[in-house]
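Go by the hints and put chain B onto chain A.
Next come the chains, spelled out residue by residue.
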Amino acid sequence: MLEPVNISLEALNLSTLMPMLIAIGGGLIILLIDLVKENLDKSLYVMLTILILLVDLGATTGLTYGATQKGFFDILLMDGIAVLSQALVLVASILFIPLSLTSKRFHEYSYPEFFALFLFMIAGFQFMVSSDNLILIFIGLETASLSLYTLIALHNRSNSFEAAVKYFTMGALAAGFFTMGSAVLYGISGSLELSQIATAISERMNDSGVMVLILGGAGLLLAAFAFKLSLFPFHTWAPDVYEGASAPLAGFMSVVPKVAAFVVSMRIFEMFIELQVHWVQTMVIVLAVITMTVTNLMALVQEDVKRMLAYSSISHAGFVMVAIALATDKANVGVFLYYSLFMFTNLGAFTMLWVSRHKDRVHHARFDHPYDKFRGMIKIMPMGAVVMALFMLSLAGVPPFSVFWGKIYLMSATVDAGYIWLAVIMGLNSAVAAYYYLKLIVYMFLKEPSADINQKTVYYNVSRPLLTILGFAVIITVASIWIVNPLIEYITTMIQATNFGI
Amino acid sequence: MDNILSILIFFPALAGLLGFVVDKHSAKVYGIAVASIELLLSLGLWAKFDTTNGGMQFVEKSDIIPQFGISYNVGVDGISLFIVIMAALITLLGIILLRDNTKNMKNMIVSLLFLEMTMVGVFLTLDAIMFYLFWELSLVPMLYIIGAWGGPDRVYAAVKFFLYTFAGSLIMLVGLLATAYLYHEATGDWSFSILDWYTLELTETQQFWLFLAFFAGFAIKVPMFPFHTWLPWAHGQAPTIGSVILAAVLLKMGTYGFVRFSLPILPDASVTFTPFIMMLSIIMVIYTAMVAFAQKDMKQVIAYSSVSHMGVIMLGVFAMNAEGLGGSVFLMLSHGIVSGALFMLVGVIYERRGTKLMSEFGGLAASMPVYATIFGVMLMAAVGLPLTIGFVGEFLVLLGFYNVSPLGTVLAGSTIIIGAVYMLVLYKRSFFGPLTNEKNKDLEDLDKRELTALIPLVLIVVWLGVYPKPVLEPIDNSVKLLLTQMEKKAISTETKEAIVISKKEAK
Numbered sequence: 001m002l003e004p005v006n007i008s009l010e011a012l013n014l015s016t017l018m019p020m021l022i023a024i025g026g027g028l029i030i031l032l033i034d035l036v037k038e039n040l041d042k043s044l045y046v047m048l049t050i051l052i053l054l055v056d057l058g059a060t061t062g063l064t065y066g067a068t069q070k071g072f073f074d075i076l077l078m079d080g081i082a083v084l085s086q087a088l089v090l091v092a093s094i095l096f097i098p099l100s101l102t103s104k105r106f107h108e109y110s111y112p113e114f115f116a117l118f119l120f121m122i123a124g125f126q127f128m129v130s131s132d133n134l135i136l137i138f139i140g141l142e143t144a145s146l147s148l149y150t151l152i153a154l155h156n157r158s159n160s161f162e163a164a165v166k167y168f169t170m171g172a173l174a175a176g177f178f179t180m181g182s183a184v185l186y187g188i189s190g191s192l193e194l195s196q197i198a199t200a201i202s203e204r205m206n207d208s209g210v211m212v213l214i215l216g217g218a219g220l221l222l223a224a225f226a227f228k229l230s231l232f233p234f235h236t237w238a239p240d241v242y243e244g245a246s247a248p249l250a251g252f253m254s255v256v257p258k259v260a261a262f263v264v265s266m267r268i269f270e271m272f273i274e275l276q277v278h279w280v281q282t283m284v285i286v287l288a289v290i291t292m293t294v295t296n297l298m299a300l301v302q303e304d305v306k307r308m309l310a311y312s313s314i315s316h317a318g319f320v321m322v323a324i325a326l327a328t329d330k331a332n333v334g335v336f337l338y339y340s341l342f343m344f345t346n347l348g349a350f351t352m353l354w355v356s357r358h359k360d361r362v363h364h365a366r367f368d369h370p371y372d373k374f375r376g377m378i379k380i381m382p383m384g385a386v387v388m389a390l391f392m393l394s395l396a397g398v399p400p401f402s403v404f405w406g407k408i409y410l411m412s413a414t415v416d417a418g419y420i421w422l423a424v425i426m427g428l429n430s431a432v433a434a435y436y437y438l439k440l441i442v443y444m445f446l447k448e449p450s451a452d453i454n455q456k457t458v459y460y461n462v463s464r465p466l467l468t469i470l471g472f473a474v475i476i477t478v479a480s481i482w483i484v485n486p487l488i489e490y491i492t493t494m495i496q497a498t499n500f501g502i
Numbered sequence: 001m002d003n004i005l006s007i008l009i010f011f012p013a014l015a016g017l018l019g020f021v022v023d024k025h026s027a028k029v030y031g032i033a034v035a036s037i038e039l040l041l042s043l044g045l046w047a048k049f050d051t052t053n054g055g056m057q058f059v060e061k062s063d064i065i066p067q068f069g070i071s072y073n074v075g076v077d078g079i080s081l082f083i084v085i086m087a088a089l090i091t092l093l094g095i096i097l098l099r100d101n102t103k104n105m106k107n108m109i110v111s112l113l114f115l116e117m118t119m120v121g122v123f124l125t126l127d128a129i130m131f132y133l134f135w136e137l138s139l140v141p142m143l144y145i146i147g148a149w150g151g152p153d154r155v156y157a158a159v160k161f162f163l164y165t166f167a168g169s170l171i172m173l174v175g176l177l178a179t180a181y182l183y184h185e186a187t188g189d190w191s192f193s194i195l196d197w198y199t200l201e202l203t204e205t206q207q208f209w210l211f212l213a214f215f216a217g218f219a220i221k222v223p224m225f226p227f228h229t230w231l232p233w234a235h236g237q238a239p240t241i242g243s244v245i246l247a248a249v250l251l252k253m254g255t256y257g258f259v260r261f262s263l264p265i266l267p268d269a270s271v272t273f274t275p276f277i278m279m280l281s282i283i284m285v286i287y288t289a290m291v292a293f294a295q296k297d298m299k300q301v302i303a304y305s306s307v308s309h310m311g312v313i314m315l316g317v318f319a320m321n322a323e324g325l326g327g328s329v330f331l332m333l334s335h336g337i338v339s340g341a342l343f344m345l346v347g348v349i350y351e352r353r354g355t356k357l358m359s360e361f362g363g364l365a366a367s368m369p370v371y372a373t374i375f376g377v378m379l380m381a382a383v384g385l386p387l388t389i390g391f392v393g394e395f396l397v398l399l400g401f402y403n404v405s406p407l408g409t410v411l412a413g414s415t416i417i418i419g420a421v422y423m424l425v426l427y428k429r430s431f432f433g434p435l436t437n438e439k440n441k442d443l444e445d446l447d448k449r450e451l452t453a454l455i456p457l458v459l460i461v462v463w464l465g466v467y468p469k470p471v472l473e474p475i476d477n478s479v480k481l482l483l484t485q486m487e488k489k490a491i492s493t494e495t496k497e498a499i500v501i502s503k504k505e506a507k
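As you go down the protein sequences, you meet chains A and B in turn. If you read the first sequence in this note's numbering, its first letter stands for residue 1, the second for the next number, and so on. If you read the second sequence in this note's numbering, its first letter stands for residue 1, the second for the next number, and so on.
Honestly, I wouldn't trust all of these hints.
To be verified - The calculated DSS-like cross-link candidates involving lysine-lysine, where the alpha carbons are at most 30 Å apart (straight line), are:
(1) Lys24(B) / Lys447(A)
(2) Lys103(B) / Lys296(B)
(3) Lys379(A) / Lys24(B)
(4) Lys441(B) / Lys296(B)
(5) Lys160(B) / Lys447(A)
(6) Lys469(B) / Lys480(B)
(7) Lys330(A) / Lys441(B)
(8) Lys379(A) / Lys104(A)
(9) Lys379(A) / Lys103(B)
(10) Lys379(A) / Lys160(B)
By construction, these hints were calculated from the structure, which means they are not laboratory data. Computed from a predicted model, the values in this text were never measured in an experiment.
In isolation and in its complexed conformation, chain B is listed as follows:
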């Protein structure tokens, strides 16, 4: 199966098309079956993946618009492999968690399958225009999911989400077109292949402006402070499944874009912009953590804490060394799993009570012990407790970032404390104390459907927290290769000094 990547991308889309025919009462089972096959395929990819090779594997290439240099070009390396697996896993568990009485179940399943295609496509494609294509296309099913199944202000939230991202990515598109033009100037060929662009030499001024153009697209998606305002709306109004996928996968597109485009194509500008990004990220980390602390709604706490952790990922990406970058790629995975799980958990209680306000709860641990336990595990992982998945990434990022700025590391590290505060406050208010609210007394604990969706995530949180090596190693190989390419391509000596590939070299 040399074309496994194409199968991974187009299988959900094809299944989505066929899904229109499936009877609405069987739609959920159909969705679970398709998403399971997709997950198995992605695990098969991992099995066949050569973990010692940091470069692109399973590369496929065929021309689509040769006149304009656009080709269908896919490949996978250690950085994208696990994000794809995570996307497939989260989609599957999200579908399992869907309530059987969800209205328009068929439309939901079809949208989710199309969304899965675009997500997998973004992470696997190596052609800038195809990347843009999947990137923009992912907005459409998400718009529908938020707009059709969301809360009272769902239409406003959905349109805001769409327009915000669309505007940013159109500026990014200008950047992509400009890069293609510069490549054409340099070589005489039109090409949108990222691998070709890696070899393109750009002056520092060109890099500066291109970086800003890419930044507009990626930063809004991440979302970097101060472009994050669409996210609380989207999370606040989205249905559980929407929030889960948004937080777990769609936000990763932004950070992935920085890793795949900004760093290797524009190494000098990336180093020049590091202080700026660092500043924004630290503001983002601390500010959103404080905002999270002030929220009354459980879901908003989780939403802001998810933004806060995205800031830590951004710090890792711009640490310019193997620990920081590898750590941030790992953190993307752990953030996806943990915040996905937390949104699922909030969804569970919302289904039972119809409210997400913390003041409505209290003493839930007595009536829902299993729920409280799983919530506790995920909360610890979110805070970054050792031996959970959250610790590994956060530790590596902070370790890597220490080389860049000790002060920044201390500031960013403070989030672990603030994070612990607001998360534990949330836990205390909702789960401990006396069961005061009558309505909470007879709440049922997790049923089979919810357990099926949540238990795998708990297992992964513990497994990768204790033994992250099988995942970390391929990531590390690819990250090192990426940094080597960056260093080779960098023009100024300052950039070359800033990029640290391995510790030995630093000494």
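So here's chain A without its partners, still in its complex pose:
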């Protein structure tokens, strides 16, 4: 017979649940509005979504956080990285949503469900990053992923459906790995909370046979997150999905799900590394090195800018994955610094593709954004070419643009941890990567424009909101040198308010 549970309302600490509730409530409000009055313009929903996200951001940053700040039956954990990553996710979302205000009409944005689903997805990511309970992480992950599959498919083109189905199948596989991995860890420890799993593992490490279980559990979880982070050899879905999704959604996918997955990876794998399970560390390093190298080489031969950016995003993820293996505070700061700077630049680059997006393929039979489309862009529209070139240089890691600072911080963390060879590999990979970013610059600046392309064909989809977002992205990319220090300070306090591993 079960004992009635006695928990006081204060111990529940319901305010930790506020950010997610705001997102979910916001989604419901949007659905309700649609129920009451149909055929409202998308701009209404966009602005509502932005407002809800802003309120959410306010609630998140106002939370009391701490390494042991738990709530809601102790399954929510509001530590530094939970708050930090939620803030990152929200800022990226606020930048993403106005991109639906294009001058041309696109199918998905006429449905209010798009915005409701989007908010549910955000709530999913928020749950995922702010818990150390494997079940809640799983629920958050699946909520977010299922919404994301639908958002991709809403783009209503044959390759969007293909992308959504591919992503869904792969996601289901990853979910399988995740549950099996969690089950193994539960078998070892009798708990699904990472802190208790850590205690149990450290006690039973030397028992016979347990190491095999630990490796099995860690291996399965690593495979699951390799899918989500698109690490080699589980990356094959990513370029197709990026290509099928609309350009801004692809930009969004290269940042937000990655950040969420990195936070969970930090919680899980850095725990193993702290527990001296060296195999995990070796595996993560190997995965990171192979991912950045192989996808870099793949990106070299792409004919389509969007696919190139997809491969490059994977390569960047591999670059950041190194930090998980290092498991030092500085490396963790590096992850967030990298993504908070990369976010603006990459989203900006994808927005440039979005600006030039046509309803039908006009430039190439197979691709939406072949390199040829950007041929001689400096002659046709100098501003656009300069902006795109800035994004490319930033992605290539040319100082003083934003991604450079993330890069040197991570490389510095690698050097500090004693992995000089790894830092050299990271450096050489950046040099290889420079080639495909330069390729676009060469097309834009050094080639003659083809006759059938004029200002209108490339600025086809432009609108004020898009230009505003681009402006933001450019300012942050160029002036990042002044925001790096406050960012590092803020992230460091957040990381210090987090308890990794034990």
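Okay, now just chain B, sitting in the frame of chain A:
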């Protein structure tokens, strides 16, 4: 004007930004005006510079990323002062030499002004990350200049130039980060200030690996043999202005890096590596001189001869004594002026004839006497004829290097002979003999624009060849200070013995 260095760095950048607004027909005049102001500012710096003080002057420092030890930190000493002036001068004369009908003149001027910022920035900054920042940023305008105004294979050449340098400097970046980490380990503070690093004690193993990392970045830029393969491409395809700035200033970044980073931060490793560098430099000097001799294209002759002379500079840097090091800093200046002028001269004839092949010319002295005279003067300076600027540096380097290795000196000295051979052959084939090619008969001699760009260089070649003291003295002071620091910092006695600050001490 205590913040004159910041003005020197950011004035061209600001002018470049504003240049976007200037009408394209007035762009060249705008460029000349801005570059003249920059040159005057740099001359003003020289006037206010305390020539008896070898240390850093006009130092400015403010934090940018204190969490990570990165600060904006600039300063000037005798070593960097003249390179900055040379960079400003060459930029100005290069802009003057631009043809009025250059396409996209405005873009060219804006790129050149941004390039000037990065060049001045590299030589003035005292923070390793800022150095890296300007260093990498200099690639972007150069990429554009080669890629947009170059020859038929310009895109390949431009991308090769970019990627080659970028790859090397990323390894250098790892070295810089490692040095910062070691500094953090030793003192508990993060700092990328070179002056802080000068006080950092490193074991010989650490120095060994750091030297290699720095070497990857600097050697590609110099370019040391066997990393020089990008340069003939870049020179072959670049427009005149691109080659002029590349040869005169950008290559100096590499040798300057050795002087500013490798020697004082890693004195023991520098001495350990001296035989290795010596070997590479001598190969570079002789091999590229021979390659130069085999070229049919005038510009390639000059390009290879410029690489060959960079080898002599490298020998001087690693001579580890005041004569050699001071001589090589002086040689950096003279190389900049002479090779800059030679590339300008090749550009002049290329504009007239559309070809650079020596076989197309012959007897030019008859149709273009003034051109032939200036070419002759520059050629003599390149060969190192006494009383020209080229002689002073080359002589000092060889003198200094004699202490290290007499054999090496003889081998390196042979370049003067090989150099004389290929340069004089070039001169003979192009300027003397009968005027056989009909097309060369009606060539116009230098016009006002070209004379304005070239005459100042001729004057400097003669002036500093006859009386180099005002330049040599500040260089010498700073070099001696640098060597003193190196000796103080060196761990092993062998290193201390290898470093010779002044002749008296050697006795």
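These are the hints, each one checked on the structure:
| no. | hint | in the structure |
| --- | --- | --- |
| 1 | Lys24(B) / Lys447(A) | holds (21 Å) |
| 2 | Lys103(B) / Lys296(B) | holds (28 Å) |
| 3 | Lys379(A) / Lys24(B) | holds (14 Å) |
| 4 | Lys441(B) / Lys296(B) | holds (21 Å) |
| 5 | Lys160(B) / Lys447(A) | holds (17 Å) |
| 6 | Lys469(B) / Lys480(B) | holds (16 Å) |
| 7 | Lys330(A) / Lys441(B) | violated (71 Å) |
| 8 | Lys379(A) / Lys104(A) | holds (25 Å) |
| 9 | Lys379(A) / Lys103(B) | holds (12 Å) |
| 10 | Lys379(A) / Lys160(B) | holds (24 Å) |
Against the hints set out earlier in the document, a violation occurs for number 7 only.
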